[in-house]
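Asks: Line by line, the protein sequences are chains A and B.
For the first sequence, UniProt numbering assigns the number 1 to the initial residue and increments by one for each residue that follows.
For the second sequence, UniProt numbering assigns the number 1 to the initial residue and increments by one for each residue that follows.
Don't read these hints as lab results, they were simulated from the structure.
Warning: the hint list may mix true and false statements.
Put simply, identical chains are the same to the list, so a pair is met inside one copy or across any two.
[What the hints assert, rightly or not] Pairs of lysine-lysine, DSBU-like flavour, derived with a Cα cap of 35 Å: (1) K162 <-> K175; (2) K148 <-> K6; (3) K114 <-> K274; (4) K162 <-> K148.
Here's the letter readout for the chains.
There are 2 protein chains.
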Amino acid sequence: MAATIKDVARACGVHVSTVSRTFSAPHLVNPATRSRVLAAADDLGYRPNRAARALTTGRTYNMGLIVADIANPFFPPLIKAAQAQARGRDYHVFVADTDEDPRVEEELIRTLTKQVDGVLLCSPRLSNRMIERLAEDVPFVVVNRRIKGMPAVLMNVAQGAKLALDHLAGLGHRKIALVSGPIGSWTSNEMQGVAAETPGLDLVFFGPNQPTETGGLAVAADVAACGATAVLAYNDLVALGLIEGLAAMEIGVPDQISVVGFDDILPGRLNRPKLTTVAMPAVAAGRMAVDLLLQSGGEGATVTLDTALIVRESTGRAQK
Amino acid sequence: MAATIKDVARACGVHVSTVSRTFSAPHLVNPATRSRVLAAADDLGYRPNRAARALTTGRTYNMGLIVADIANPFFPPLIKAAQAQARGRDYHVFVADTDEDPRVEEELIRTLTKQVDGVLLCSPRLSNRMIERLAEDVPFVVVNRRIKGMPAVLMNVAQGAKLALDHLAGLGHRKIALVSGPIGSWTSNEMQGVAAETPGLDLVFFGPNQPTETGGLAVAADVAACGATAVLAYNDLVALGLIEGLAAMEIGVPDQISVVGFDDILPGRLNRPKLTTVAMPAVAAGRMAVDLLLQSGGEGATVTLDTALIVRESTGRAQK
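Chain A on its own, in the form it takes in the complex (with noise of 0.2 Å):
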């Protein structure tokens, strides 16, 4: 049978806390004291409280993911398909959301390091070279953010906004408001890049904004006194807002202004009109940065992953 932390504590006359302390605190016990617990624990064969497995190899058989924003009905299926991942190869996923702020995001990395085998790290918005430096201490693997020699899971924005451009442009529009999202976001400058290469069109760009249905709303006036014909939007929380906000000036959607969103969410779904997006595989991605992790341990590879264009109802001919 194997050896309990009250044999230990019997062994060297003390008490079990002070064996319990031996081992998660080992500098707040006195060190003749702590000799002595090691030593019986080593005659003994005792391992403290943790799975035996994890004391073996190691591990703590936990991953830590981050997202930017768990309002944004983007994140979820992304984390559900990572834990239901990660849960197949016996791990638990802790979920920690940085409410957008750089800096909260330094802590919580900070923190999960210390309890978790690895971190996923989607749609950050540190700079490279802070989520560099934390590198160093737990693996990462990144999503939507390519960074060199760090693996990383991207779905593949540019193709998606090429996709949308091309939709509108066989459409008839020419003059098309690029609503963006916030500073740091790599998909924002993915999106402005291809739409800068796409010939032919009159762009108008507008920027930063919050990633959500508020930004949206707040940027709607600008967008409807800019001439524009059609918007592509960060994502279709923006592109919703915006639509709120249109209707309230009572422009309708797609007649007078086409609207196109990004990611593919439940809301957008049941939108009047439904909305046309760029689907993002954030299911796929959630599965593969779980892979990639656990495969690499923090080696160096780059997945990029395909998205689609959704054509529903909120895109339309441009008016003469």
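Given the coordinates of chain A, work out where chain B should sit on it, guided by the hints.
Replies: Chain B in isolation, oriented as in the chain A frame:
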């Protein structure tokens, strides 16, 4: 200047990882080396990788938050409110999702217990007895469940259900379908209890159902066939799925059937028709749960928060 792990490693001529392991898994380090490392750490006054305050208080300054389904838009506002409240008190929140599975719920609680000072358990699916047993190892606050002697934050579902039923009765509805949620749901029981006690109604019960859009979609045909002119749904997702299902059968809401949801989530506010619903105080509940956990450390208070009926477009006069 405080001694670092590198100072300790240099002082006793071992690798940094050996110093680290001496504190995190001392039984994996050769006893002689271990003694040398601990002695050097004592000499240099080195403190291993936790905040000093955590060492002196024995606290982790983390709390766990367990939800039934992170993809249900009801939970994120609660999670964010709890996080903000916790952050104001120097706590981090780790979120875990049970996928509506009691076995996963138990496993996650057991895993989190070792890494947090307490757990907020939201809409649990475990039995009261099991929750009581698990609460022996870590302080709990339960949200949306009443368990004797355990601190709880309850949303007044009975009050909300009563408001909804009175609203429907006032519109002339007599035959009302009650579309309930999953087995083990306290909310479902509360709703059914109130409905059964309301005089003058002809009730038809449907359940258990998945607490999702899919659950609502699946029950739509049965609801349509039963002859009810109104529906009280377990939550907004079920109500939205039901409305989609009725629309597919060309049954208009509210012209032919009125529908009331529960929660007040974003998709319901964007839906056409906009959903009449009982608003649940998710933000207040998240804050309150954190306060109860930190104030009481597991002792008894129960807080009941009011709900409110929000009449929008999915309810109307009963057809003659």
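Asks: Indicate, hint by hint, whether the structure satisfies it.
Replies: Here's how the hints hold up against the structure:
1. K162 <-> K175: within (15 Å within a copy, 53 Å between copies)
2. K148 <-> K6: between (50 Å within a copy, 27 Å between copies)
3. K114 <-> K274: Answer is neither; intra-copy 44 Å and inter-copy 46 Å both fail.
4. K162 <-> K148: For K162 and K148, the Cα distance is within 35 Å only inside one copy (25 Å; across copies 58 Å).
Violation of the numbered hints given earlier is confined to hint 3; every other hint is satisfied by the structure.
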